[in-house]
Amino acid sequence: MSVEAFELGKKFGETWGAKNITLSVGKGSVAVLAGPNGAGKTTTTRILTTFFKPDKGWARVEGFDVVKEYREVRKVISYLPQGYGMGGDVTPEEFVVSALMTRGFSYFEARREARRWLEALGIWEIRGRRAWVLSGGERRRAVVASALAVPASVYFLDEPTAGVDVEGRYAVLKAVREVASSGATVFMTTHNLAEAQVAADEVFFVNSGTTIASGKPSTLVEALPYKFKAVVDKRNHLPEGIRCIDLGDKVVIYARTRGELYGIVEELRTSIHEMREVDLEDAYLNAVKVR
Amino acid sequence: MKFVWRILGVAYGQLVVFRRQWMWIAQSLLSTVGLVVIFSMWGGWEALRHMAVVLLVITGWSVGLNISAQSIGWDRVSNEYERRVASPLTPLEYLLGSVLGAFIPFFVSDIPLVVLFATMAGIRVQGILLLILLSLVATFLGLFLSLSVVLRIRNPMNISAVTNPLQTLTTMLPPVYYTPLLFPEPLRTACAAIPTTALVDLGRALSGQAAAYPVWLSAASIVLWTAITFTLMKYRFKWGHE
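Read top to bottom, the protein sequences are chains A and B.
The first sequence begins at 1 in the numbering used here and counts up by one.
The second sequence begins at 292 in the numbering used here and counts up by one.
Errors might be hidden in some of the hints.
As the list claims (entries may be wrong) - No farther apart than 25 Å at their CA atoms in a straight line, the calculated lysine-lysine pairs in the DSS-like style are these:
| id | chain 1 | residue 1 | chain 2 | residue 2 |
| --- | --- | --- | --- | --- |
| 1 | B | Lys525 | A | Lys68 |
| 2 | B | Lys529 | A | Lys53 |
| 3 | B | Lys529 | A | Lys11 |
| 4 | B | Lys529 | A | Lys56 |
Worth flagging that the hints you see were computed from the coordinates, not collected in a lab.
Please put together the full structure from these sequences, using the hints given.
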């Protein structure tokens, strides 16, 4: 296993940032830790990257204990913290070159590698522009390039696509898959479960500091008791005995078959705004029992 | 060799700032020239000899206390610090890189100018070289002192609001730009306990000028300050596992 954690927990005063995180990630796979704000994703990542010492449980990265063998862990990982960005007068090329040099690359080797990854993220053309003239998405892509350019066995990316446009997100996910296909492990956190469904080999749902479900995206979706969902106008009350999520003036209803869904809609005397098959987001909502 | 590139990598990130915002260097140069002119006008060659010592030592002190410490403080706020922890970079390499990145711009701008003034004022090459070494000592002592304060601030969103007053307090008020000989005892000797006063006075001795204190007293003050501030800084300078 590339990344393992067992009942990992970290307390801040009286509050558990992470309480009971258990996961294992195989080598060369893309794992996504998904959950709402405050679920413990970043705390977990910070423990695995040896920034925090856990208060309970244990974790290993590439076989090295994150507490006792932290020096070895730091040699084999690359980390992109949440909210980390480039600002001011630095250019994307300088940013990536600096990151590579701090990993031991010579200046000239760093420039060669920087070019490769800036091209992969689609920002080679703007490599010489200063950060303050770039869009948020372009800056984010440069930051992701600086993390992926580093040769590592495990990449920890905390919200790598935050603030990135659609085209940029897919460039990032493509780069992530390329890294994984070369044998490295990518451990990502995200709020965007649509991305996790596309890019991840394994998904771990986290809520209130605890791992609540895990598996391949397709397995998690197939495990749902429902196959279809529809967004309908909400009438006076929520339908009884039906799995649904209240959206205020609308409600999402779930059913096993299309026929059952149409039957519910007819019974409620409402109209459908959208209907489709369930996805990873629904698997997550089901796991946390959102109503 | 990789550790050399790691240090240079940290320095490179900082040097970009100075390269783009060269007005900081220009300001420093103008300030240096201005101080030299002012003091020389009042005190002639003797004042120029004293100013050469002060400028070499205090440039180093400022680089450590203000610029490097601010850079490190901002790294902690911006998550750059977290990213550096999750790498083979060691705390020593990081500190050296931070100091180097701040030192180089002033080394190539201010220091040649001050060396020129020192030579004009009659300070020998040997003395100048010793002063440059002392400047490096001042850099690290300034850094340790600044970090021992900055790293204790819970929410350091305006780090310069701490480092700038600290710089003013340690360079403008105590006998740095003027000699402690102007004070009566016991105040005169007590001033040797101030790190910048001790540094400048040791610099005067190393450059062949009359000093207010015996060399051992200035040296002891510097060593004691270095030991204390290093200990205070080390206790708070955690490299992960917080």
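Consistency of the hints with the structure:
1. Lys525(B) <-> Lys68(A): Holds, because 21 Å separates the two Cα atoms, which is no more than 25 Å.
2. Lys529(B) <-> Lys53(A): holds (12 Å)
3. Lys529(B) <-> Lys11(A): holds (18 Å)
4. Lys529(B) <-> Lys56(A): holds (20 Å)
Checked against the numbered hints above, the structure breaks none of them.
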